[in-house]
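For reference, the chains in residue letters:
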Amino acid sequence: MSARTLGLAVLLLGTAAGATAAQDPRLGRFDAQTRAAVMALLDSARAVGLPTEPLLDRALEGAAKSASRDQIVAATRRLAGHLARARAALGTKASLAELEAGAAALRAGADSAVLAALRRSRPRQSLTVPLAVLADLVTSGVPADTAAATVLALAPITSDDALIEFRRDVDRDIALGAPPAGAAMVRGGSIYDALNAEGPRVNPPPGPRKP
Amino acid sequence: MFEHEDEMLTRVVEHLKRPVGVDPALDGRVMAQIAAEPVRRPGTTAAAWHWLVTPRRFSLPPLAGLTAAAALAAFLVMRGPAAPASQTTAFQFVLVAPQASSVSLVGDFNDWDPSMSPMTATRQAGLWSAVLPLEPGRYRYAFLVDGVHWQSDPTAPRAGDDEFGVPSSVVTVGGT
Numbered sequence: 046m047s048a049r050t051l052g053l054a055v056l057l058l059g060t061a062a063g064a065t066a067a068q069d070p071r072l073g074r075f076d077a078q079t080r081a082a083v084m085a086l087l088d089s090a091r092a093v094g095l096p097t098e099p100l101l102d103r104a105l106e107g108a109a110k111s112a113s114r115d116q117i118v119a120a121t122r123r124l125a126g127h128l129a130r131a132r133a134a135l136g137t138k139a140s141l142a143e144l145e146a147g148a149a150a151l152r153a154g155a156d157s158a159v160l161a162a163l164r165r166s167r168p169r170q171s172l173t174v175p176l177a178v179l180a181d182l183v184t185s186g187v188p189a190d191t192a193a194a195t196v197l198a199l200a201p202i203t204s205d206d207a208l209i210e211f212r213r214d215v216d217r218d219i220a221l222g223a224p225p226a227g228a229a230m231v232r233g234g235s236i237y238d239a240l241n242a243e244g245p246r247v248n249p250p251p252g253p254r255k256p
Numbered sequence: 034m035f036e037h038e039d040e041m042l043t044r045v046v047e048h049l050k051r052p053v054g055v056d057p058a059l060d061g062r063v064m065a066q067i068a069a070e071p072v073r074r075p076g077t078t079a080a081a082w083h084w085l086v087t088p089r090r091f092s093l094p095p096l097a098g099l100t101a102a103a104a105l106a107a108f109l110v111m112r113g114p115a116a117p118a119s120q121t122t123a124f125q126f127v128l129v130a131p132q133a134s135s136v137s138l139v140g141d142f143n144d145w146d147p148s149m150s151p152m153t154a155t156r157q158a159g160l161w162s163a164v165l166p167l168e169p170g171r172y173r174y175a176f177l178v179d180g181v182h183w184q185s186d187p188t189a190p191r192a193g194d195d196e197f198g199v200p201s202s203v204v205t206v207g208g209t
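For the record, the sequence lines run as chains A and B.
With my numbering applied, the first sequence closes on residue 256, and no number is skipped along the way.
With my numbering applied, the second sequence closes on residue 209, and no number is skipped along the way.
For reference, chain A alone in the conformation it holds in the complex (with noise of 0.2 angstroms):
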């Protein structure tokens, strides 16, 4: 195959997905100027090979709440932002979900070095969880540290259900009144200490353990 001819199949395929792009009716819910920027937007991003799901979600949950175009732009911007530091953090193998639960985290204050972290922790099981829960808690008020802390510790060796239950436990402990950083500690070493019973284990959470 000539260069010419292979030049010609890659510009029909991009006008393609541009084609695409532009007939989704999802992007009639924007008015015309909102419409070209979201656009825009999701082009960069496909060029750099970021997911543009996510995107044009938070696109849509704006126009659904009659937000400003102006608003809509940088929340999706910064959307964008935090998927490409998640996908640097994670590996260009992360799912669309993992993407979207780190980018959460990300946004809620956690580092990029704890991604990656929790990657080398579950290097073969879904992140989207303990991603997940991660950007619940420092949301919840959890010091970042302390979230990122438990998480690492309690990842490898919990399923998926029991962190869901750990952040309902805490987030229950905090609207009782415990204050953020002891109602993680204490519920993730509770369960650190159940599991080591059966083992030793490395890396055990932070803060007070029982005895």
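Honestly, I wouldn't trust all of these hints.
As the list claims (entries may be wrong) - Quick list of simulated restraints, FRET-style, between CB atoms:
| # | chain 1 | residue 1 | chain 2 | residue 2 | range |
| --- | --- | --- | --- | --- | --- |
| 1 | A | Asp156 | B | Pro200 | 17 to 27 angstroms |
| 2 | A | Gly154 | B | Gln132 | 34 to 44 angstroms |
| 3 | A | Ala158 | B | Ser134 | 42 to 52 angstroms |
| 4 | B | Ser135 | A | Arg122 | 30 to 40 angstroms |
| 5 | B | Thr188 | A | Gly154 | 20 to 30 angstroms |
Stated by the list, open to error - Simulated coverage check for chain B against chain A, where a stretch passes if three residues somewhere in it have a Cβ under 8 angstroms from a Cβ of chain A:
| # | segment |
| --- | --- |
| 6 | 152-166 |
| 7 | 199-206 |
These are calculated hints, taken from the structure and not from any lab test.
Even for Gly, the Cβ is constructed at its ideal location relative to N, Cα and C.
Starting from the structure of chain A, add chain B where the hints point.
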């Protein structure tokens, strides 16, 4: 009487021993007849099977073999592991809104379209409910009451980044 039978047997044996004369042109007529018969080709299926099971020998340059092996390995690596089958969990959303006349569940799972997931008023007055199948992931959502008022889920974590001035909640669905 026995002598007559012996003589008969002798005459039969002598007759059978006499050489048989064959027309020298017989061979030629037989071969001509064979040549005149239409050629019968083996059936397609039988021929294909025969071709498949017949061992063959062919030569392949080492470089071509290595290239083919490398291409196969690259294909297997790039394809990656088989994608796991999609699994959804039925998740129930509930809101207590005794004064509402309509409530919609709106979020990432339905493109933030208020018309997609209207909630159902249960028998218990003021309780609205909706059940959605959700794949593992983290979803932002909120309730739209009477088509006007946005409300977060008081039983769920807040989204944290209320970038549009209206609160949202999050739900995390696990895969294990």
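Hint check:
Look at Asp156 (chain A) against Pro200 (chain B): about 26 angstroms separates their beta carbons, and that is inside 17 to 27 angstroms. For Gly154 (chain A) and Gln132 (chain B), the hinted distance range of 34 to 44 angstroms is satisfied, since their beta carbons lie about 37 angstroms from each other. Separation of Ala158 (chain A) from Ser134 (chain B) is about 50 angstroms and conforms to the stated range, judged on CB atoms against 42 to 52 angstroms. Taken as a hint, the range 30 to 40 angstroms holds for the pair Ser135 (chain B) and Arg122 (chain A), whose Cβ atoms sit roughly 34 angstroms apart.
Between Thr188 (chain B) and Gly154 (chain A) the CB atoms are about 24 angstroms apart, so this pair conforms to the stated range of 20 to 30 angstroms. Proximity of the segment 152-166 of chain B to chain A, defined as three or more residues with a beta carbon under 8 angstroms from a beta carbon of that chain, is not established by the 0 residues found. Counting residues of the segment 199-206 of chain B whose beta carbon lies closer than 8 angstroms to any beta carbon of chain A gives 4, which meets the minimum of three for the stated coverage.
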